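Going line by line, the protein sequences match chains G and C.
Take the first sequence: its letter number 26 is residue 593 in our numbering, and every next letter is one higher.
Take the second sequence: its letter number 35 is residue 260 in our numbering, and every next letter is one higher.
The set of hints was computed from the structure by calculation and includes no laboratory data.
Mixed in with the good hints, there may be bad ones.
What the hints assert, rightly or not - Label-pair ranges, simulated between beta-carbon atoms:
id, chain 1, residue 1, chain 2, residue 2, range
1, C, S254, G, A621, 25 to 31 Å
2, G, S632, C, Y271, 43 to 49 Å
3, G, E633, C, L268, 54 to 60 Å
4, C, G241, G, V612, 17 to 23 Å
5, C, S254, G, N646, 34 to 40 Å
6, G, N646, C, I368, 42 to 48 Å
7, C, D346, G, P680, 57 to 63 Å
8, C, S251, G, P680, 25 to 31 Å
9, G, A621, C, I368, 34 to 40 Å
10, C, T306, G, P680, 35 to 41 Å
11, G, E633, C, S254, 41 to 47 Å
12, C, T262, G, L627, 54 to 60 Å
Please read all numbers here as calculations on a predicted model, not as lab measurements.
We put the beta carbon where it would ideally sit given N, CA and C, even for glycine.
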Amino acid sequence: MAFPNLVPTSRSFDAGDFPIKTFKAQNGTEVRILYGSNRTNMKMVLTYSNITDANAALFLNHYNSETSGTFNTFDIASNTRSGWTALDSYLGATGSGNKWRYENAPQQVQVRPGISTVTVNLIGVL
Amino acid sequence: MAKVYTGRDGAMQVSGSTVAKVVRFSVESNLETLETTTLGDNLRSYTPGVVGYSGSCTLLYYKENSGSRNTSSLLSALVKTGTTGVSDSDTVQLTFRWIDGTDNNDIKLNAYVTGASIGADTGDIVRAEVSFVGTGQLLTVSI
């Protein structure tokens, strides 16, 4: 089962960084070494407010059965970027050769019987 | 027959007994709406949440010939001695009625009294102001 193809209520994206090591001399001089050509460690926080419990269960099932928790990587669904009108590659990880994985378990909050809010934290990894 | 209701047609009951000297009452129902608008939408959308009931009433502080006071059943649900505070058993069954001859139009509910005030003003009649919040389902709706 792929990542649930639902439109989030809110989405935040952290563009990550290239693998850089920074060294500072005592006189303040900074030396940076670039260890790779691919930007990584992107972060995406997705909130799905007031969705049905059945839809909330899609995330829990995906986390449990498909990705073995935070272990396996995956691609996010097209609707995850809904509302973003620029190129998908700017708001993603795959353009830099990354895949997504869960940074931690999806957080489900019961709002009322049958209605839940789910927050998903993703991280881009090479 | 067509009819416009006025304050003369209103009555309020506590546990089935009509309360004397009610000046005014109001009952409010409200629906919590849960927003389901998502990214990319241009119009807001909602799904229904929890329904609630609340209201208030004003009574003249009145003592019957028998010595009983019309405010006792309401005020005693909140204004009380002891250290236990308010418990589940302190709900009051309220009926708000609009009367047309033998035709009663009712809203009946169980409620907690959440606010009660009573005082005395020079040159004025003593009034008790009571506010309440409904708990559980409405028992009767015939409006």
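Task: Violated constraints from the hint list, given by number and in increasing order - done: When the structure is compared with the hints, numbers 2, 3, 4, 7, 12 turn out to be violated.
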